[in-house]
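Line order of the protein sequences matches chains P and L.
Numbering-wise (this note's numbering), the first sequence opens with residue 351 and increments by one.
Numbering-wise (this note's numbering), the second sequence opens with residue 351 and increments by one.
Because the hints were derived from the structure by calculation, they are not lab data.
None of the hints are false.
Which copy? The list can't say, so a pair holds if one copy fits it or any two copies do.
Distance condition first, Cα-Cα at most 25 Å in a straight line; then the derived DSS-like pairs of lysine-lysine:
1. Lys515 to Lys704
2. Lys514 to Lys620
3. Lys620 to Lys515
4. Lys950 to Lys831
5. Lys704 to Lys514
6. Lys660 to Lys950
Number of protein chains: 2
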Amino acid sequence: MSLLDTLTSPAQIRNLNPAELEELAADIRRELVDTVAVTGGHLASNLGVVELTLALHRVFDTPRDRIVWDVGHQAYTHKLLTGRRERFCSLRQADGLSGFPKREESEFDCFDVGHASTSISAALGLACARDAMGGDEKVVAVIGDGSLTGGLAFEGLNQAGHLKKDLIVVLNDNEMSISPNVGAISSFLSRKMTSDLFVRFKKETQNLLTHLPGFGRELVNLARRAEDSLKGFLTPGMLFEAFGFDYVGPIDGHNLTELEETLTNVSRLKGPSLVHVVTRKGKGYAPAEANPSLFHGVGPFDAASGEVHKPPGAPPSYTSIFGRTLVEMAEADSRLIAITAAMIEGTGLQDFAKRLPERFYDVGIAEQHAVTFAAGLACHGQRPVVAIYSTFLQRAYDNVLHDVCLQNLPVIFAMDRGGLVGADGPTHHGVFDYSYLRHIPNLTFMVPRDEVQLCRALATGLAHGGPFAFRYPRGESQGLKLPEEISPAPIGQGEKLREGKDGVFFALGTMVGEALEAAEELTKEGIEMAVVDACFLKPLDRTLLLAEAQRTGFVVTCEENVLQGGFGSAVLELFEETAVEARVLRVGLPDVFVDQGTQKELRARHDIDAPGITRRVRAALGRPRQSAAG
Amino acid sequence: MSLLDTLTSPAQIRNLNPAELEELAADIRRELVDTVAVTGGHLASNLGVVELTLALHRVFDTPRDRIVWDVGHQAYTHKLLTGRRERFCSLRQADGLSGFPKREESEFDCFDVGHASTSISAALGLACARDAMGGDEKVVAVIGDGSLTGGLAFEGLNQAGHLKKDLIVVLNDNEMSISPNVGAISSFLSRKMTSDLFVRFKKETQNLLTHLPGFGRELVNLARRAEDSLKGFLTPGMLFEAFGFDYVGPIDGHNLTELEETLTNVSRLKGPSLVHVVTRKGKGYAPAEANPSLFHGVGPFDAASGEVHKPPGAPPSYTSIFGRTLVEMAEADSRLIAITAAMIEGTGLQDFAKRLPERFYDVGIAEQHAVTFAAGLACHGQRPVVAIYSTFLQRAYDNVLHDVCLQNLPVIFAMDRGGLVGADGPTHHGVFDYSYLRHIPNLTFMVPRDEVQLCRALATGLAHGGPFAFRYPRGESQGLKLPEEISPAPIGQGEKLREGKDGVFFALGTMVGEALEAAEELTKEGIEMAVVDACFLKPLDRTLLLAEAQRTGFVVTCEENVLQGGFGSAVLELFEETAVEARVLRVGLPDVFVDQGTQKELRARHDIDAPGITRRVRAALGRPRQSAAG
Ligand SMILES: [Mg+2]
Ligand SMILES: [Mg+2]
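Here chain P stands alone, though its shape is the one from the complex (with noise of 0.2 Å):
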């Protein structure tokens, strides 16, 4: 039995000596590696936060005193420290532990989370109302240097160092985010040693004074050079101490003793404190020290190694189809520029990046600004590929639509992580987008069903002269052989792919092929459907839809988005305005929020897969309908 395996709660680990806490950064860690390998997770950040986590709950009273973790994806080892241990194996899956700080699971974790840069805001929030409360808890954010890029964090600080609040936020600098930090303010975090210069000019005035006679003209000299490059002496703590915070730092994160005295000094200063901490991404695990990109959210993989697991032979990811469709398309077409936020691998974007380099912007955790810089190049002749996962292009809604879709320009969304992720849970799925976007004037939005619908999605994009929203799922394609040339689709054109006479089938995306094997099934018992790709969720195929309907009465829509302001809810709003009467049954995921757990389980559980659907046919044709007095 490891040390780990006998804590229950983190006030044991307070009486630890230094041996055993070594100890128990050891167990953490071997902890960590051994499960994501099964699960998998995020596991670099999680490794590079073991000492700090544990300085956290050594020096803070918690669960009385506060933690809030920004984006959440480096809890794994607060998870293991406040009674999660058991149940550590579940991290990720279905009924399991989540991946993200969750509050519905302990009463350590105080804030929910999974999208960046929400730490300061929320963490002010919860100070501001112990105060109102007459408490005296302490509030602790931490947040990574990439969260920091995001707009949000900035209002946050820029609030928080008015208010005056106690607050602190340790600042976690592991010098990459997700991909490695773009910006200026990274730029200038990395320069906090050149406070060293002020050291040096110091020194050499001291120098001057005790060595040199008669040098007053010199030391003038020296004044007006100190002056001139003032600027350049600005240091980070410099800046947050502009923005009205204590700062400290930077200190080394990996070491136990340092850390714990910080915080120990920072926790009795009053007023909003920032540490600024240097940790290394994947410490202590070779594989992700030398790979911290790859083993920042990654699959399953063999602890001993690193390897991951790949399936041989499985079909390539719709994000490497997408990625490579993308530079092939750069080359033909000077117009094309990449934009991405912070996601180059997440989003296939590697080898463009490469490619194309002068064409390609890693705006970093930054997604109203990749809008709106999108919106920019766009109005100048330009086409911008925005990719980004559907569940962070939320943070953009009102640039899409103030910014790109009022002056209707040809912006191009591609979606990624479309429809449910998986194990990233309800943060992270992507199952709004139909509703957020659908209500927006002039936005063009086309779902494909495979990864040869995906390369027509990126044409037909280009080819349009406005707003253009795609979005294709997380994982594996379905192998299909890619044609030569790819032509875009016709705007707002449907495909039937399968016959049938007693009702139809409107379905988008994934769900295209669920509904095919539901036809298939519902064949057996004598039911004939008949299937159409609604290929574009706006403008829909009306004269395709409308013929369809008033030619089998039934209809029955699909999505992988929630029923409420989705696809099925804009085939209702067609068939009122053209007073065409049909029965709609609409397949697609219920007003809640939607748990973890592999997408098949989810669909599964959802009955937006085949069974599911194939099961709702069968009820809907069985049962009479109410009808109506009037």
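On the provided structure of chain P, position chain L with the ligands as indicated by the hints.
Using the frame of chain P, we list chain L with the ligands on its own:
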């Protein structure tokens, strides 16, 4: 004929002499005051940038060089100088000039805008596009100090400093955005004069050097003191330099010569530069200088006296009733916290701020932070009310979803300016909120039809334990007497206001009154329509709506929102779910960005007023339905 009247292009002002320019500036100010006195609009900000706008058009070769205005409510002088003098009297009126830059209006307007903090991102996009195309035009972003508190501006600054593109940012610092600025960055900007401290330090050093013998030790102390206080020396210049910008300023924004010289010098610099210009809001018009907040966005007023017209006996605005009620409720409930994003007066919170300052937070133009900060407060026993315009909450869509609703936190969103706002036009209409909020799980959404219901909505939100939104319109209330006691409404319960056998109106908010009027009118034609105030967009009153639908068989939904994904769409979904058959006609706004005009004009134009609704119902009842084959 004034000098201004003779201008048709900014090329002409490049040849004017100083005396003529002074005359022109006076002409412009007169025109601004006289026009806005009639049309209403943004006055103080425009009066503040007359010289700056002249300087920009004289130094830069517009429209070849590009000026991107942030927010854009300060672009009136720009419009007067760029061929829009004659149409200026149509400002903010139906089919007239927009109160904001608009590309379709003029080639001198290079980015459409209305929301804050977009200019740096957009200008950076234009600069990158220019470089991609081998151009050499200048790109200038003009941003106010208020807009700089928005995280988006920071994201833009961060990437611009990193990319080193030729780009000029003009910081128009009037030390007051819409409400007086808040936040660390603001107190920091006002620190600009502390660079004097350094000058003083240098002088002190020189004094020591020239006057004192044997001062070695003194000087070492001085150096040490300098180091200690170096943080205090930080100037805005150093901050922007840290971001990678060349900084110039602060300069007097009403001294045309100084402005032109500085801008000319800056236009020759390579890389990103920032010019810090200090202006005075309302400059040159005494009433606006004395009360810039009142004259920020103002209705018609008397130009001579500065008295704002208020029809005698007009009922109070919804905004003011909200503000008053909020204070009353806060006095009775210590958990209630009010939050605004730089819109104290716009959201009616002046009194709250004065009477309960310890429970009032103005976070600056930082809507995202406002919401996540509220989530933090709600996590710990408080009942935050985020008072915000519907259109600005778009900026915080992800924060509503990810930070509030995912955790089911009791944050109250009081959305002012819901529905059509009138003269501010497409960037400001609050006509998407039903669609962008309805699909978020856990959210309750109430829509008061009058001020009595508005007060009830607030009480309902306070009593409710989860996320709660309500929206109310810009403008005057109905003049009803408010009850002494305000009790919460039962969640999800509608109200039948009128009987009728031939069909039923389901209406929300402002549309309830229109539906009642339409029903009255239709009676004359022998059509008896019932009227139901649905009261809640979410959850719907299923029992009442289904019963009425079944009773009459004909439902007309009425909403001041886009039809896509809105209230009518929710009703269609309800009927699909329950397999209830009823004919539905949805009345609402179409899938376009609605132009400016008075609220009344716009409702009429889009057939969502009583006559429009009457016409729609008449037509629907006269038209035979197409029927399905199956
Ligand atoms: Mg990092
Ligand atoms: Mg300002």
